[in-house]
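J.: Here are the chains, one letter per residue:
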Amino acid sequence: MDAYGKWISFYTMLRKDIVRMFRIWVQTFLPSVITSCLYFLIFGTVLGSRIGEMQGVDYMSFVVPGLVMLAIVTNAYSNTSFSFFQSKFFFRGIDEILVSPTPPWLLIAGFISGGIVRGVLVGTLVLLISVFFTGLQLSLFNVGIIFIFALLTALVFALAGLVNGVYAKSLDGINIVPTFVLTPLVYLGGVFYSVHSLPEIAQYGTYINPIFYLINGFRYGFLGIADIALWISFAVLIGMIAALIAINWYLIRTGLGLKQ
Amino acid sequence: MSAPALKITDLKKTYATGTVALKGVSLEIPQGDFFALLGPNGAGKTTIIGITTGLVNKTSGTIEVFGHNTDTETELAKMQIGLVGQEVNFNPFEKTLNIVVNQAGYYGIPRSVAIPRARKLLTDLGLGEKMDQNAMTLSGGMKRRLMIARALVNEPKFLILDEPTAGVDVELRRGMWDYLTGLSKSGLTILLTTHYLEEAEQLCKHVAIINKGQIVAMGTMEEVIATHHSGEPAKDGYRGGRLEEVFLKLTSDK
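Read top to bottom, the protein sequences are chains A and B.
Numbers 1 to 260, taken from this note's numbering, label the letters of the first sequence in order.
Numbers 1 to 254, taken from this note's numbering, label the letters of the second sequence in order.
Worth flagging that the hints you see were computed from the coordinates, not collected in a lab.
Even glycine gets a Cβ: it sits at the ideal position worked out from N, Cα and C.
Some hints here could point you the wrong way.
What the hints assert, rightly or not - Rough simulated footprint, nothing fancy, chain A against chain B, three-plus residues with beta-carbon under 8 Å:
no., stretch
1, 70-81
2, 177-185
As the list claims (entries may be wrong) - Below, computed lysine-lysine pairings styled on DSS-like, alpha-carbon distance capped at 27 Å:
no., chain 1, residue 1, chain 2, residue 2
3, A, Lys259, B, Lys120
4, A, Lys6, B, Lys23
5, B, Lys212, B, Lys120
6, B, Lys185, B, Lys212
7, B, Lys143, B, Lys23
8, A, Lys6, B, Lys157
9, A, Lys259, B, Lys212
10, B, Lys12, B, Lys130
11, B, Lys143, B, Lys7
12, A, Lys88, B, Lys205
13, B, Lys143, B, Lys157
14, B, Lys23, A, Lys259
15, B, Lys120, B, Lys157
16, A, Lys259, B, Lys7
17, B, Lys143, A, Lys88
Work the whole structure out from these sequences, hints included.
T.: Structure representation (structure tokens):
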């Protein structure tokens, strides 16, 4: 298959996933929008007015990047994990791709691209909602950094979702990680607070949470403030991408969990 | 001399459970052949097909499809193959036409080419009126024909049919065989596994019988029948066709 053929194969996988996510938009887009509205209402409007400022900015502006990041992380992850699991477990639709000349790396690219699209789309929706709650006072310190961190974070969690999708043997298997691992890590990664407001021992705990670095870099793009240097956040992001690409490549190429 | 459509050499497969499915299978299918691979349930037929098409990992051995090694020239080998699997394996919530068009996409065929090709295949297979309906609305026989259309959309040179007529009524079966015989006459190589031995006897030029992971007979249909058929008339009970008698003789535990 030549380069154009590979592009067609990639486009077919991406198109199929985008059609699927829009067909079931009530399940794919709406939950994050509603949850974000509730967060903005409770933490931003109701509690935020009592908290005042965090790191020199009003609390609502402080939580916006974290909540957008929360939407990107959970949507990119769950889209890829569910899409792949569905393809593998229900009706063995994955066989359609496995018998074709589509190479393993392209299969990975095809599945994660859907996750990236959904993560970035839902993140953008949440950002638009935040404009309403912040009264059009949203700060955009550096759009380039915001875009890069949004895209690379979606890539990281789409890749992580694919690992989950490959390993999962039941629907429980794809729900356990988002519920018991991902959501706590996001909440404890500095969505609602600055790491400097924590006791010293808790700060060390935050530093071993990879999501803290992503939120930190993303928030820098909005507000120009950060708990740690931007290059450290970027390095952690690149490291995670490299590690997850290697894991996915190994899993798909060897057919672990896919082929007998 | 042209390369065989399929050349399998000393193929072995042991599953993670410890089950030895293939114990060194070797076989060749000439180009343009209608080849029957027969065997009882669990003999290793689907494992051979799975390894050939990339759905199952082999333990050892080599496979070439039209001279392309499936390990070193995987993409070229897969480009030649169309597979109609044993189980229905498409998303029933997809439209019939989209299932075929998407499959073409995985082979690098653009939608502008795939859509008219898929429409023609579906029409030829009697699914013209079902193209825009979800696959879940199709009957069992229609689902089988949809799988044939999907397998043909990349215009393969080698079509693998793994029990394609299981659960299909007589009339539909005959229609399917007429269609596939026409394709065979136009030069398409076909590998068929089936439990309907009278069909295999009528349709196929060559046959291999596999039992417990080993080929126990192989050759032209006439050679295999002539070599292994006793020719004795029926003495008692139900008796099938000549191939059925040979099959039972070679695969029975008694």
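J.: Would you mind marking each hint as holding or not holding in the structure?
T.: Structure-based check of each hint:
Counting residues of the stretch 70-81 of chain B whose beta-carbon sits less than 8 Å from any beta-carbon of chain A gives 6, enough to reach three: the coverage restraint holds. Interface restraint, the stretch 177-185 of chain B with chain A: violated (0 residues with C-beta to C-beta distance below 8 Å; minimum three). For the hint linking A/Lys259 to B/Lys120, the alpha-carbon distance of about 33 Å lies beyond 27 Å, and the restraint is violated. Restraint check for A/Lys6 and B/Lys23: not satisfied, since their Cα atoms lie roughly 36 Å apart, outside the 27 Å limit.
With a C-alpha separation of about 41 Å, the suggested pairing of B/Lys212 with B/Lys120 is violated against the 27 Å cut-off. Taking the CA atoms of B/Lys185 and B/Lys212, the gap is about 33 Å. The hint is violated against a cut of 27 Å. For a cut-off of 27 Å, the pair hint linking B/Lys143 to B/Lys23 is broken: about 34 Å separates their Cα positions. Proximity of A/Lys6 to B/Lys157 is assessed by CA-CA distance (about 21 Å); at most 27 Å being required, the pair is judged to hold.
Restraint check for A/Lys259 and B/Lys212: the C-alpha separation of about 21 Å stays at or below 27 Å, so the hint holds. At roughly 42 Å between alpha-carbon atoms, B/Lys12 and B/Lys130 are farther apart than 27 Å, so this suggested pair is violated. Between B/Lys143 and B/Lys7 the alpha-carbon distance is near 30 Å, which puts this suggested pair outside the 27 Å criterion. With a C-alpha separation of about 36 Å, the suggested pair A/Lys88 and B/Lys205 falls outside the 27 Å cut-off, and the hint is violated.
Between B/Lys143 and B/Lys157 the alpha-carbon distance is near 22 Å, which keeps this suggested pair within the 27 Å criterion. Among the hinted pairs, B/Lys23 with A/Lys259 is consistent with the structure: their alpha-carbon atoms are about 19 Å apart, no more than 27 Å. Restraint check for B/Lys120 and B/Lys157: the C-alpha separation of about 18 Å stays at or below 27 Å, so the hint holds. For the hint pairing A/Lys259 with B/Lys7, the CA-to-CA distance comes to about 22 Å; that is within 27 Å, so the pair holds.
Distance restraint check for B/Lys143 and A/Lys88: the Cα-Cα separation of roughly 19 Å lies within the 27 Å cut-off, and the hinted pair is therefore satisfied.
Checked against the numbered hints given earlier, this structure breaks hints 2, 3, 4, 5, 6, 7, 10, 11 and 12; the rest are met.
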